[in-house]
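Asks: Protein sequences appear in the order of chains A and B. When the letters of the first sequence are read in order and numbered with numbering that gives the first Met the number 0, they come out as residues 0 to 169. When the letters of the second sequence are read in order and numbered with numbering that gives the first Met the number 0, they come out as residues 0 to 165.
In case anyone wonders, no lab produced these hints; they're calculated from the structure. Backbone N, C-alpha and C fix where the C-beta goes; we use that ideal spot for every residue, glycine too. Just to be clear, a hint being listed does not mean it is correct.
To be verified - The list that follows gives simulated cross-link-like pairs (lysine-lysine, PhoX-like), each with its CA atoms no further than 25 Å apart: (1) Lys168(A) to Lys153(A); (2) Lys168(A) to Lys69(A); (3) Lys39(A) to Lys168(A); (4) Lys69(A) to Lys93(A); (5) Lys40(B) to Lys153(A); (6) Lys168(A) to Lys40(B); (7) Lys69(A) to Lys73(B); (8) Lys73(B) to Lys40(B); (9) Lys153(A) to Lys126(B); (10) Lys131(A) to Lys39(A); (11) Lys23(B) to Lys39(A); (12) Lys73(B) to Lys126(B); (13) Lys23(B) to Lys69(A); (14) Lys69(A) to Lys40(B).
Said to hold, decoys possible - Simulated DEER-style distance windows between Cβ atoms: (15) Tyr65(B) to Arg67(A): 17 to 25 Å; (16) Arg84(A) to Gly42(B): 23 to 31 Å; (17) Thr76(A) to Ser96(B): 17 to 25 Å; (18) Gly79(B) to Glu41(A): 40 to 48 Å; (19) Gln57(A) to Gly79(B): 27 to 35 Å.
Unchecked claim - Chain B is nowhere near these chain A residues, computed Cβ spacing over 12 Å in every case: (20) Phe36; (21) Thr40; (22) Lys69; (23) Ser92; (24) Glu97; (25) Ser106; (26) Glu114; (27) Pro115; (28) Asn132; (29) Arg135; (30) Arg150; (31) Asp165.
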Amino acid sequence: MDFRVTTALAVSMLLLAGCASQPQTAEEFRRVVPGAFMAKTETFEVDRSFRDVAETFQRRAPECLNVRIKTTSSTSTSYQVIVARYTPTVTVSKERAELHVQRKFESGVLKVSPEPEGGYYLLVADAYPLEKNRTRVEWFGPSRGYDALVRAVKGWASGENLGCPDLTKI
Amino acid sequence: MRTAFGRCALLGAVGLAAGCSGLKPYPNTLAPNLQIRTEAKSGSVFSSVRADVGIYRVDPQCRIEYQGTVDLDKPTVAVGIPADRPSYLVFGFSSASFLGGTRSSISQETLLRPRPGYSYDIEATYKDDLYNVVIREVHPASGARRAMDLQPLSACGRVAERPAAK
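Isolated chain A, as found in the complex (with noise of 0.2 Å):
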């Protein structure tokens, strides 16, 4: 097992939680996310009603996330294979609807904190419903590398593009 590999995912994932203990809750990361290394946090609106938001995270999460994603790398003198399960969560009320991303790595890598139940968090998307039909999103995660789940999330919203983010990218 290359141990240079996994430190460096464990100290991504401090990094993220601000060094200190990673977030147990979806709540906990909207509040560490903005003041983190490599997080960040946008806002943005779509011409397209909250319902029909909120109707394709319903859809497209389940299709798109709930995967798991082995990735092989060796070199000549190391081998290594990592496993990370991807687990998505909606939820919708009147007010919000939400999309939770969470990452839990099944073998090849270390974990250094407590884990919750489904992976640590990856990001959280909520989306606000406005006047005229109109949907706020907000969403936080990591400010790079995962560019292609961001700009699923975001197409999901828009309704511009549903396609699955291939999570072996990131």
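Mind docking chain B on chain A? Use the hints.
Replies: Same frame as chain A, now just chain B:
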């Protein structure tokens, strides 16, 4: 021995050069009822993406049996699967990077029970690390199309009774 090794090496090289996946080809002997339109772009000159669809027979107990794979290496590929009984389709997108030699693959699966006489227009796309499979049922007389939800294997009991529509 040397000759046999040479033949194997030559066959392997030819297979690789032809982009051979090494998977069992689907016989594709039935009248085509699926028109699969594929667009697969990696978005980088240093990598490539190829698409294929694995076809599985689904028995009444919802067990699947691999029938073969069709390479989606042309813009449109016609495929025939049995009508009026469910099949399980696994659309695979495989990426290869020329730098570093990394490979990865991801798939999107669905059950599909074609109605007799109907055809199915399927779009399989991979672009900029986003992939999608969209299925539309085409009415034989009117040509009217309706989008269909992808159905997981766990929906087998329901799909065996009737096709799902959006």
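Asks: Evaluate each hint against the coordinates.
Replies: Comparing the hints with the structure gives:
Only pairs whose Cα atoms come within 25 Å are accepted, and Lys168(A) paired with Lys153(A) is accepted, the gap being roughly 18 Å. For the given pair, Lys168(A) sits about 11 Å from Lys69(A) by alpha-carbon distance, which is consistent with the 25 Å threshold. At most 25 Å may separate the alpha-carbon atoms for a hinted pair to count; Lys39(A) and Lys168(A) meet this at roughly 19 Å. Distance check on the hinted pair: Lys69(A) and Lys93(A) sit about 38 Å apart at the alpha-carbon level, beyond 25 Å; violated.
About 20 Å separates the Cα atoms of Lys40(B) and Lys153(A), which keeps this hinted pair within 25 Å; it holds. Straight-line distance between C-alpha atoms of Lys168(A) and Lys40(B) comes to about 14 Å, which keeps the hinted pair within the 25 Å bound. About 29 Å separates the Cα atoms of Lys69(A) and Lys73(B), which puts this hinted pair outside 25 Å; it is violated. For the suggested pair Lys73(B) and Lys40(B), the alpha carbons sit about 13 Å apart, so the restraint of at most 25 Å is met.
The suggested pairing of Lys153(A) with Lys126(B) holds, with an alpha-carbon distance near 15 Å, which does not exceed 25 Å. With a C-alpha separation of about 28 Å, the suggested pairing of Lys131(A) with Lys39(A) is violated against the 25 Å cut-off. Distance check on the hinted pair: Lys23(B) and Lys39(A) sit about 45 Å apart at the alpha-carbon level, beyond 25 Å; violated. Annotation: proposed proximity of Lys73(B) to Lys126(B) holds, straight-line Cα distance about 16 Å (limit 25 Å).
For the hint pairing Lys23(B) with Lys69(A), the CA-to-CA distance comes to about 23 Å; that is within 25 Å, so the pair holds. Between the alpha carbons of Lys69(A) and Lys40(B) the distance comes to roughly 22 Å, so the proposed pair stays at or under 25 Å and holds. Separation of Tyr65(B) from Arg67(A) is about 20 Å and conforms to the stated range, judged on CB atoms against 17 to 25 Å. Here the CB-CB span from Arg84(A) to Gly42(B) is close to 27 Å, well matched to the stated 23 to 31 Å.
The beta-carbon spacing between Thr76(A) and Ser96(B), approximately 21 Å, falls within the hinted interval of 17 to 25 Å. Checked against the hint of 40 to 48 Å, the pair Gly79(B) and Glu41(A) passes, with Cβ atoms roughly 46 Å apart. Separated by about 34 Å at the C-beta atoms, Gln57(A) and Gly79(B) satisfy the suggested range of 27 to 35 Å. Distance to chain B confirms Phe36(A) as a non-interface residue, since its nearest Cβ pair spans about 24 Å, more than 12 Å.
At roughly 22 Å from the closest C-beta of chain B, the C-beta of Thr40(A) stays outside 12 Å, upholding its exclusion from the interface. With a cut of 12 Å on Cβ distances, Lys69(A) falls inside the contact zone with chain B, its closest approach being about 9 Å. Listed as outside the interface, Ser92(A) is consistent with that label: its C-beta sits roughly 24 Å from the nearest C-beta of chain B, beyond the 12 Å cut-off. Annotated as non-interface, Glu97(A) keeps its C-beta farther than 12 Å from every C-beta of chain B; the closest such distance is 22 Å.
Every Cβ of chain B is farther than 12 Å from the Cβ of Ser106(A); the closest lies at roughly 17 Å, confirming the non-interface assignment. In this structure Glu114(A) is separated from chain B by more than 12 Å, as the shortest Cβ-Cβ distance comes to about 24 Å. Against the 12 Å criterion, Pro115(A) stays outside the reach of chain B, whose nearest CB is about 25 Å from its own CB. Non-interface status of Asn132(A) relative to chain B is upheld: no Cβ of that chain comes within 12 Å, the nearest being about 21 Å off.
Once the 12 Å rule is applied to beta carbons, Arg135(A) is consistent with being away from chain B; the minimum gap is 23 Å. The Cβ of Arg150(A) does not lie farther than 12 Å from every Cβ of chain B; its closest approach is about 7 Å, which violates its non-interface assignment. Annotated as non-interface, Asp165(A) brings its C-beta within 12 Å of a C-beta of chain B; the closest such distance is 5 Å.
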